[in-house]
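J.: Sequence:
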Amino acid sequence: MNIRLGLYMLLAALAIQSCKETKKEKETVVEEETTEVKADKDGFVQIFDGETLEGWEGDPTYWSVQDGSLVGQVTPETLLENNTFIVWQGGQPSDFELKLEFKIADSGNSGINYRSDKIDTIPHALRGYQADIDGKIRYTGQNYEEKKRATLAYRGEKVIINTQDNPDEPGSLSANVQRNCWQSREVVDSLGESDSLKTKIKHEDWNEVHLVINGNHLQHYVNGILMSDVTDEDAVNRKDAGHLGVQVHVGPPMKVEYRNIRIKEL
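Going by the numbering used here, the first residue of the sequence shown is number 1, and it counts up by one from there.
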């Protein structure tokens, strides 16, 4: 009996120890998973690690990581035929806030696309809303819809967007774009003169972009200042969710840098 009792006690002890180790392993896994998606005090989650392109998809000819930044670069040897994007692979956000910092060369042309579609016929291309960015600060802060309705709001405008006439008619969308601007739009208020707002954006230095995208209300802030405000009432052409990515544009050699990319889904 004593030998049998001792054997039972040994097996029980081993079972308890095994349970403890399993529990510890589960706690470790949970802790690691929590670390990966940990939000800051304001609810934002980092989506670029500053070291690798993990979680992003783009052409490595144009995209790399340098000194903690996501860098898009076009050289004289790699001039583009089409705009190219690096696209976040973490989902297709609908309502969200995005914060990041950018620095762009004087010759640069870039932008942050959101709620966008991938274009099957062009590698690494997106179609959709864009927070415009350029090195000469002509367009930075405006709302431009890449490969679709073109300019929705220039810098300094609060705008309501409407559907074109006869939207079911073939060609009616492109016909409603004139001088690279959507014609079915109403400017309802001013956020300030474009040239005055331009002085708040730093040339060839770091700036912070804050996008607030909620329902059909799209707001673009640069350095804490609202630069464009769009209410998209165009139920035919607007998008409620889609891909998020950043761009390098057709044109001369250029360099754009992005860092501290954070998102908070609403």
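Bear in mind the hints are in silico, worked out from the structure with no lab data behind them. It is possible that some hints are incorrect.
Computed Cβ-Cβ distance ranges for the label pairs, DEER-style [as the list claims (entries may be wrong)]: (1) GLU57 <-> ASP106: 21 to 31 Å; (2) PRO253 <-> ASP165: 36 to 46 Å; (3) GLU208 <-> GLY55: 13 to 23 Å; (4) GLN183 <-> PRO253: 18 to 28 Å; (5) ASP189 <-> ASN214: 13 to 23 Å; (6) GLY171 <-> GLY68: 24 to 34 Å; (7) ASP165 <-> LYS41: 44 to 54 Å; (8) GLU233 <-> GLY171: 28 to 38 Å; (9) GLU54 <-> GLU101: 32 to 42 Å.
No experiment lies behind these values; they were computed from the predicted model shown. Using N, Cα and C, we set each Cβ at its ideal position, and we do this for glycine too.
J.: It remains to establish, for every hint, whether it holds in the given structure.
T.: These are the hints, each one checked on the structure:
1. GLU57 <-> ASP106: 21 to 31 Å: With a Cβ separation near 29 Å, GLU57 and ASP106 satisfy 21 to 31 Å, so the hint holds.
2. PRO253 <-> ASP165: 36 to 46 Å: Holds, since PRO253 and ASP165 (Cβ atoms, about 42 Å apart) stay within the stated range.
3. GLU208 <-> GLY55: 13 to 23 Å: With a Cβ separation near 21 Å, GLU208 and GLY55 satisfy 13 to 23 Å, so the hint holds.
4. GLN183 <-> PRO253: 18 to 28 Å: Check failed, 34 Å falls outside 18 to 28 Å.
5. ASP189 <-> ASN214: 13 to 23 Å: With Cβ atoms ~18 Å apart, the hint holds.
6. GLY171 <-> GLY68: 24 to 34 Å: violated, 46 Å
7. ASP165 <-> LYS41: 44 to 54 Å: Taking Cβ atoms as reference, ASP165 and LYS41 lie about 48 Å apart, which means the hint holds.
8. GLU233 <-> GLY171: 28 to 38 Å: With Cβ atoms ~22 Å apart, the hint is violated.
9. GLU54 <-> GLU101: 32 to 42 Å: violated, 20 Å
Violated hints, listed in ascending order, are 4, 6, 8 and 9; each of the other numbered hints is respected by the structure.
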